[in-house]
Amino acid sequence: MTKLLKKNFNTKNPGKGTANPAGQIHKKAGDTTAAAKETAVSSISTEDDNTPTETPDTDSYAHEVTDDGFPRRFLANNKYFTISVYALCVVFLSTLIIKCIMSWEETIVTIQNIFNILMPFIIGGLLAFILNPAVNQLMRFFRNVCKIKSVKVQRILSIATTYLLFLGLIIVTLFGVIPQIVDSITELVNSIPQTYDAIYHFFDNLEEHFPDLDIDVVRDTINNALPNMITYLKDFASNIVPAVYSVSVSIVQWILNVIITLIVSIYMLSDKKPLLNSVRSIIYAFVPVKKIDTTMEVFSECNRLFSSFIVGKAVDSLIIGLLCFLFMTLFQLPFTVLISVIVGVTNMIPYFGPFIGAVPGILIMLIVSPLKAVIFGVLILVLQQFDGLILGPKILGDSTGVKPLWIIFAITIGGSMAGVLGMFLGVPVIAVLRYLLNRLLLSRLHKRNIKSAA
1 MTKLLKKNFN
11 TKNPGKGTAN
21 PAGQIHKKAG
31 DTTAAAKETA
41 VSSISTEDDN
51 TPTETPDTDS
61 YAHEVTDDGF
71 PRRFLANNKY
81 FTISVYALCV
91 VFLSTLIIKC
101 IMSWEETIVT
111 IQNIFNILMP
121 FIIGGLLAFI
131 LNPAVNQLMR
141 FFRNVCKIKS
151 VKVQRILSIA
161 TTYLLFLGLI
171 IVTLFGVIPQ
181 IVDSITELVN
191 SIPQTYDAIY
201 HFFDNLEEHF
211 PDLDIDVVRD
221 TINNALPNMI
231 TYLKDFASNI
241 VPAVYSVSVS
251 IVQWILNVII
261 TLIVSIYMLS
271 DKKPLLNSVR
281 SIIYAFVPVK
291 KIDTTMEVFS
301 ECNRLFSSFI
311 VGKAVDSLII
321 GLLCFLFMTL
331 FQLPFTVLIS
341 VIVGVTNMIP
351 YFGPFIGAVP
361 GILIMLIVSP
371 LKAVIFGVLI
381 LVLQQFDGLI
391 LGPKILGDST
401 GVKPLWIIFA
411 ITIGGSMAGV
421 LGMFLGVPVI
431 AVLRYLLNRL
441 LLSRLHKRNI
451 KSAA
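Numbering (UniProt numbering), first residue to last: 1 to 454.
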């Protein structure tokens, strides 16, 4: 009986006591199902191993979600940031251009003030540019002839020698040429009363030979001119103290500008190699690699255009000034030094320079003798033809390659913007712009496979 009860108890509670055969059957079925699932998963994973799996973009997710787990409302985008910067730059430049155009007179005054402030540095750079060939020649002399091996010593000696020669030329000009110029001006002022009497006498003779002419108008004009001149001299004498003060201030400013110009030019010549290395570093840092050689070639050609024109024109003008002095001395014309200096300096301006220098010379000669004025005019015409046909091509050659129309344009624009210096520098600037434009046009034609265009 007891055995029968135990048997029934085990039948009702299969988890205890003896194992239930039905439970064993269910366990075996579950094991079979799990094994089938593992087999299916392994087969799927085996097929997926042959195809690339996509991993989630953690960076984009980091941008889309903040540290607190909330989504960001604004996402950083370099593309749109660059577009925004460009748009702001365009708006700023457009506003600046409109402002400059609307207040053009103020713009011109501002540009002139900036140029006046930077003028010592500009002239210093120009002076260093002009004296650089002389420094290079002296360095070769000290290296090849004097057998100095140190490059630093060669540069120091060449710069010192160049500036000693340059300052010596200035001192000779100050103490040799300027006193003669002052004497010429003094003689010219002293001859004004005699010239006045000669003009008055000329009109008297003209009235005697041609009584029908109305000479009274001219005589009244001359008679009124002399009192006006005396009044002007009295006003000038009364204002002599402020004039002396303003002239003194101008002289002090001029001396300071000269000192700054010399210091800037000396530093630019002594530090020429570091300056060039800095320029090369800027080019290599910001210019694309494929265009570095082209950029270096363009800079080299621009340097050649400027140096060949400025140095060649300076030598050409010096020769013309010396020839003018020589021929004026042979023809015994007055004010030789004064007029020769004017002709030599104005000859730096292409085409119009000799004629600009001839105008004051002819006016001065007319005071002395009309015949000598004619002789001087013919002399200047001959010198101009000699310079344009023989001397200029020998020294300058076709250094700029600029047509006469563009030279006239450069002189006009440069003269209106910067006076005599602008008239002189306008030609090499136009030559550089012409070269750059030709390079651009040739590049565009090459991209379109066009070898030449009429």
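By construction, these hints were calculated from the structure, which means they are not laboratory data. Think of the CB as a built atom: it goes at the ideal place given N, C-alpha and C, for glycine as much as any other residue. Please note that a few of the clues may not be correct.
Claimed, not checked - Think about it this way: if two alpha-carbon atoms lie no more than 30 Å apart in a straight line, the pair counts; the simulated DSBU-like pairs of lysine-lysine are:
hint, residue 1, residue 2
1, Lys451, Lys290
2, Lys147, Lys272
3, Lys291, Lys272
As the list claims (entries may be wrong) - Quick list of simulated restraints, FRET-style, between CB atoms:
hint, residue 1, residue 2, range
4, Leu366, Ile450, 36 to 44 Å
5, Phe331, Leu441, 32 to 40 Å
6, Ile255, Leu371, 26 to 34 Å
Structure-based check of each hint:
1. Lys451 - Lys290: 22 Å, holds
2. Lys147 - Lys272: With Cα atoms ~22 Å apart, Lys147 and Lys272 stay inside 30 Å; holds.
3. Lys291 - Lys272: 24 Å, holds
4. Leu366 - Ile450: 36 to 44 Å: 58 Å, violated
5. Phe331 - Leu441: 32 to 40 Å: With a Cβ separation near 51 Å, Phe331 and Leu441 fall outside 32 to 40 Å, so the hint is violated.
6. Ile255 - Leu371: 26 to 34 Å: 43 Å, violated
When the structure is compared with the earlier hints, violations turn up for hints 4, 5, 6 and for no others.
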